[in-house]
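Q: Between the sequences and the hints, there should be enough to build the whole structure, so can you do that?
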Amino acid sequence: MTNAAAASARPWLKSYSPMIGHEMPALSHDSLAVMLDDSCKRFATREAFSCMGKSMSYGALGDKSTELAGYLQSKGLKKGARVALMMPNVLQYPVSLLAVLKAGYTVVNVNPLYTP
935 MTNAAAASAR PWLKSYSPMI GHEMPALSHD SLAVMLDDSC KRFATREAFS
985 CMGKSMSYGA LGDKSTELAG YLQSKGLKKG ARVALMMPNV LQYPVSLLAV
1035 LKAGYTVVNV NPLYTP
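The sequence shown maps to residues 935 to 1050 in the working numbering.
For each label pair, taking beta carbons as the anchor points, the in silico distance ranges come out as:
#1 G1010 to N1043: 22 to 30 Å
#2 N1043 to F977: 18 to 26 Å
#3 N1043 to R944: 27 to 35 Å
#4 R944 to R976: 32 to 40 Å
#5 S965 to L1019: 13 to 21 Å
#6 N1045 to A1015: 16 to 24 Å
#7 L1047 to W946: 34 to 42 Å
#8 I954 to T1049: 39 to 47 Å
#9 E1001 to T979: 17 to 25 Å
#10 A1015 to S991: 23 to 31 Å
#11 Y950 to V1044: 29 to 37 Å
#12 A1018 to P952: 41 to 49 Å
Quick caveat, the hints were computed from the structure, so don't treat them as lab data. Don't be surprised by glycine CBs; every beta carbon is placed ideally from N, CA and C.
A: Written as structure tokens, this is what we have:
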């Protein structure tokens, strides 16, 4: 579909800059979990997160999240199950987030600062 044809079918495209395409290319990964896991492997030696004087590499993030994903799967949750994460901004959060995705579940973020 040409940009002009796309613009007539989808009028909001008229407001796009000429530098922005109207279609996205196909994604190179099957899922967000696969993309993140691939990044953990590609950048294994780089620092991924730092919190309260402690750091974690992408490699450690990948390894720890794989271990936690296995544990979660051993609990018998069905694929697509919702898993609530109620955590402050600590190093355990990205591990848990990636683990839930790797295990095939859906992350439901819950803010620990909400009032009762």
